[in-house]
Every structure is written in C-alpha cells, then in structure tokens.
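Protein chains: 2
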Amino acid sequence: MVSEKMKTFMTGNSAIRAMFEEGKKMAKLYGKDKVYDFSLGNPSVEPPKEVTDAAVKILLESVPNELHGYPNNSGYEDVRAHIAQLSNKKHGTDYTEKNYVITTGAAAAINISLKVLIDPGDEVIVFAPYFSEYNNYIRNYDGVVVPVMANLETFQPNLELFEKSLTSKTKAVIINTPNNPTGVVYSEDTLKTISEILIKHTQKTGKTIYIISDEPYRELVYGGIKVPFVPDYYKNTFVAYSYSKSLSLPGERIGYVCVNTAADGFDDIVSCLNVANRISGFVNAPTLWQKVIPYCSDLKVDLSIYERNRNDLYNMLKELGYTCVEPQGAFYIFPKTLIPDDKEFCNAAKEFRLLIVPGSSFGCPGFCRISYCIPHDTIINSYESFKLLKEKFSI
Amino acid sequence: MVSEKMKTFMTGNSAIRAMFEEGKKMAKLYGKDKVYDFSLGNPSVEPPKEVTDAAVKILLESVPNELHGYPNNSGYEDVRAHIAQLSNKKHGTDYTEKNYVITTGAAAAINISLKVLIDPGDEVIVFAPYFSEYNNYIRNYDGVVVPVMANLETFQPNLELFEKSLTSKTKAVIINTPNNPTGVVYSEDTLKTISEILIKHTQKTGKTIYIISDEPYRELVYGGIKVPFVPDYYKNTFVAYSYSKSLSLPGERIGYVCVNTAADGFDDIVSCLNVANRISGFVNAPTLWQKVIPYCSDLKVDLSIYERNRNDLYNMLKELGYTCVEPQGAFYIFPKTLIPDDKEFCNAAKEFRLLIVPGSSFGCPGFCRISYCIPHDTIINSYESFKLLKEKFSI
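For the record, the sequence lines run as chains A and B.
Take 1 as the starting number for the first sequence in my numbering and just add one per residue.
Take 396 as the starting number for the second sequence in my numbering and just add one per residue.
Chain A on its own, in the form it takes in the complex:
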C-alpha cells in the first residue's frame, strides 16, 4: 500500500521510537525523576518574555486578514529586510530582502535548498558525526550522501579526507557549526581550508559546489566563543537558520534560508527557492511568527542556564573518567563510549536509567550523544548512574 521508496525511509526510525517507548516504560517503572533522559534536543530554557509580548501585541493590533493572509511565498518583504539589516550590522554583509526566504524552520530551509540544487545522483558531503536527518533530506531529492569522518580528537572535519571525497558529482556540502552532536564550533582555519579546497576543485572541474550552512545553534555558544560567519570564507553559501533554539520556539517552525549575494547564479537560485518553498507544500512560513521576528531577532534565551549545564555535565564526566571534547556551543556533549560498540553501551546505560543516543545514529560509532537541554537537577542526580556505568566497563 505504501510506496517502496517511502519504505526505505522507515528503516532506522524504529530505533529512535523504541528508545522513546522504553523511556516512557522506565518512567512508569522507576518514577520519572529516577530516569535520566539525555536523549532529546527539545530546548529547556524559556523563550525571552518579549516573544510572547510581541505575539500578543501583533494579534491584538493587526487587521486579522492582513496578519493571517497569504504573504509572498518568500515571506513578508519588510521582515526579510529587517533580517538583512541585522546581518549587515553584525556581519558587514550587503544583504537585502532578496537574499532571504523565510521558512518553516531550518529543516524546510535545507529541504528547499537541496530541492533547488540537487539532481538525482548528485553527491552531498556531510561531516560525520552529523544530524542523521540530513540523510533523509538528501535522499528526498535522490541525492547521494557522502559522509566524511571528522578528526575524532577535535571533531573538526578531516580535510584531507574531505578533499579526496570530492568528485565531479559533488554538488553541495552541508556543515553544521556549532555542531549537533559534538557541540564543537568549526574554527576559522577549518572554514578557510574548506573554502580553498572547494575553490581549487571548481577551478579544476568548472563546477560550482555550494555550502549549506545549517546554523540553528549559532547563538548558543559559551565562554565568549565567536562563531565564524561562513559566507565570509566561501561565497557560494546558503545559510539555513532557525529561531528554534535562539528563541526556544521549535514547535512554531520559523527560520530562513539566506543566499549569499556573491553566490554563482544568485538570481536564479533565489527565484527557485521561492517556488520550491511553495510547491513543496510549505507555501510560506507561519505569518504571525514572521511578524514576531523584528521584535525579537536580536534577543536570545538565557544562555547561562545551558552554560551551567554544560560545565557541570562536562566536569562530572571528566571526573568520572569519560573521554570527551569540551563543547563550545549547542546543547550536546559527545563522549567516547567505554566499549567500541556504542549501541551495546547505550543499551547498558539503560540499566542505570540513563537514556543516551548511540553515535552510530550520527554516523560516528564509538561515541554517544548526551543532551543537556534538560533540568539542571537531572544532571546532578545522574552522577551515581554515570559512575556505575563507568564501573561496569572498568572491570
């Protein structure tokens, strides 16, 4: 009844669902506060108060048909112009409303970008470990996923491997910094080298390769770290942004894709993104949330809450003898599993009521993802469980 193609997308979904069901069972069995669920990426810090204020004000003061009617498929021009001005101020860009398509979050932004760029058989490079939805997004357009493993000591991409992975079929590279699942921010050096490699490849082949920079965690960085702005290093860049994490609004589906003005084929790309947004069934991003952006685009959630979680979790894991790279952003940490089989390890963790996700789910076996967008108490109270887990594999 279901298409053969859809069936191929269903594989692997059962694992995540199984963990979710297991978590619910465990909560029933042991009590919710005795289960330490580090598996989800659902923001735990409240949106800035201004978000609610703006939404209420807009609802009360707008002409309803103007507020809720169809906007341009790319989004309201004034909202796009506002976002452009903010970018120009922050990053010294030359953007206008034309550079932007407002989307139902970064997932839509990546999907329409891929729809515009990818023909069947085109290759898209992703740097492992990576958000596994990229596999689905790329396959939606019959693209071929080409994972390139990171340097596992730093989680910066391995750029020698990257250069070797480029072929005449490479059409795009997805990067994600600050990174899910490692929390690492790609360095300036990394971005410069990626750019040099891509430019060299284009000189050789005459083919443009686009970077799709997935940046939902751009604002979530700690310890004064600065996230380099990808279009500063490579002109053929699409930035896929979401307010899901910076404003804690993941359920409302609001973000954008921004195409760098100097990108090859800028005009065509922008026209195509507008149409792709419409015909893929997104039509336009929710209009109320579009209108909220200008009130809140320069705000962010209280990062000190995530930062405390990060510090306490990182220090706890280090103290207990886990090997992990200190995350600089996002809300994940990605320690080495204590045995090579990360799935077995995460299964064993359930004995101690710890729900953590195998690195295999991010194309990087031998590690596990621990989310810290959770109550601080959960981290503190999980100490004994992480200790027992360590001991189990130290014997």
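Treat the hints as calculated values from the structure; they're not laboratory data.
Bear in mind the structure is a predicted one, so any value in this text is a computation, not a measurement.
Heads up, the beta-carbon is just placed ideally off N, CA and C, and yes, glycines get one too.
Just so you know, not all the hints are guaranteed correct.
Claimed, not checked - Distance condition first, Cα-Cα at most 27 Å in a straight line; then the derived DSSO-like pairs of lysine-lysine: (1) K25/A x K493/B; (2) K564/B x K7/A; (3) K400/B x K169/A; (4) K204/A x K402/B.
Claimed, not checked - Simulated coverage check for chain A against chain B, where a stretch passes if three residues somewhere in it have a Cβ under 8 Å from a Cβ of chain B: (5) 50 to 59; (6) 63 to 71; (7) 134 to 140; (8) 251 to 257; (9) 264 to 273.
Got chain A sorted already, so can you dock chain B onto it with the hints?
The following block gives chain B in isolation, referenced to the frame of chain A:
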C-alpha cells in the same frame, strides 16, 4: 547552478508572476480602485473573533516551553483526539487521534500523502479543471499526472473517461470538492460511481487505489448545500483539510490529513505519514495554531459575505450573457470564455482592467476563473468592464 529537475518546475510560473506584476502596474496607472482583480484566492472575510481570543489566551496562559516545544510529529494527541471527536459527531466516523496527522495546511497534507503512496512512474488521476499545484505536488515524487476532463456542462467529473484512464499504474485519485476553480460540489452520485469504478478496478487488478480528497473549501458552501463526506463512499480515502478558508488563516499554515480507519494498510500508512511529515522538513504544524483548533474547529467565517458576492457576480455575469455554472461552494466561478483561446480572452480583459485567470492554468482551456473573495464593491464596480468585454467579443 540550479538542478535540471528544479528548472522543470519553473516553467509556467512566469505566467502567474507576470499577471501579478501587470496588476501592480495597472493599479499604479489607473488607481487601485479602478482595477478589478479577480485573480487571487486569498480569503477576504475576517476570521471569527474567537480565533484571536484563543491565540491570545493560549499565549498568556501557557508554559512557554510546553506551548512552543516540539510536539509529536503528527501533532498534539489531545488536539487530534478533539478533531476526531468532532468528525465522529458530524460524520458518524470511528476516528481517534491515530487517524490524523496535523499539517502545515492542506498543501503539506497532500504532499506527505503523495510521498507515502507514490513510487516513480505511479499515476495519479486529477479531474480537470483542477488546482494546478497538483501537477507540482505529484511531480515532487516523480508521479505521473493523468488529467481527466470534467463534463463541461456541469463540471462533475466525466466518469466514463475516468474509468478508461485507470491503468495498472494508477495509485491515487485527487478530488477537490467544493472545487477550485469551478465552485461545484461533487454529487453523491458522482462519489458513488467513482467508488464503484475503483472497487471494480481493484477486484480486477488486486491493486488498491487511494482517493486523496482535498477539502479546504468543505465549509464554504451556499444555499444549504451539503457536501458529501468522501469516506462514506470509499474506504481508501485520505482527507486533506485546511483551516485556511473556514477560519481565514491561510498564512498560518494549519490543517491535517485524516486517513479513514478502514483504509487498506491503515497502520503502515499512519506511521509513514508521521515520518514523511518529519523528514520532508515540515517536522510538525505550528504548535500555537494546533492549540487554537479546539477553540475554533466548529466555527467558520461569515459565509453570508461570500454568498452575497457569489449571487451578485453570478447574476451579473448571467445578465450580461456569460455562460456559467452556478457555484455551490468555494469562492470561484468558472465561466466560458467568449472565444476559444482563453489566454487571449484574459489578456483582452486587461484592456478593461479586469484580472481573471485563464482556464488553461487549471487544465481546462475555453474557460476562465473569477475569484470572488474580494470586496463586494469590486464586483459591483466591475459591471461596466464585464459589459465592455462581452461587447468586444459580440461584434
């Protein structure tokens, strides 16, 4: 730079855009009130007041992280259960939350339904005249569009042609009643016969064919007409619904797909729709608008406004000698053009500052679509223009 496949989607988009640009130019030249724009399908009647009240109440009274966090990809269970109960009351169905995936409007509902059903080369039948976006939606999944012309005297589907169009590759039939662009409601007889033909075909071939019933205009009917409920006639039915028109919320993207419980492969289909909604980049429908549904799902906009527009426009066109089927629902009327070439006709209409859409855009040349979701004055003031247009082609 842009994919070959995407380029194929860009063809034909220029025509609609050209009309939009032309309209803007004309408004500048003659004044906005002297241009009679009947080209758009943007609801003109205000949402019920309860919509704004509910949205504000929910924003002010909810825990923000619960309201704006990620729900189940299929939508909040309680909201789906509410919609199910309403259907059970109205239509005597046996639905629960399991039958529903809440979507970012009907466009998303149709897209994920097609993603779940269609393999490359599968055929999808549409009854012309039809909403031209179906072409794009079907081609998104490499399906083949098979248009079947309506009976042009009534705009009920021509069911002899329909039966002949079924092949071993037919996987789905999209129906749209009340219909865009004709305003016609498919009769019980039509639905019974469609069902009989499909059942007969399945008995012969062993292959299930699904109906996707696109129903954004379900509530917009006039003169006490009842819209038959498709699952009552055919068990393998998906209903794609949107609150865009019933509540005048097209910009907010909120609707659902409902799979009939008795549909073949129900469990698999429902699981796949959940995943398709996620991986296509929709992720979930905007959570605030999901929460608004239970407050407003039984309400609708003031239909008397559209009904007056319909009556006055229909009577005016009849009086002037245009041939048209009286619309029973939606907010369109689809008269015969006065010359066979509908594009030339709609071009000529611009002389009289009338913006109307050629029937060719709906797979039905020789007709034109006139939207009446516009101010009543525009209809009244356009009398002279429609008169001159008639005279131009009567000489």
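Could you check the structure against the hints above and give me the numbers of any it violates, in ascending order?
The structure conflicts with no hint, since it agrees with every one listed earlier.
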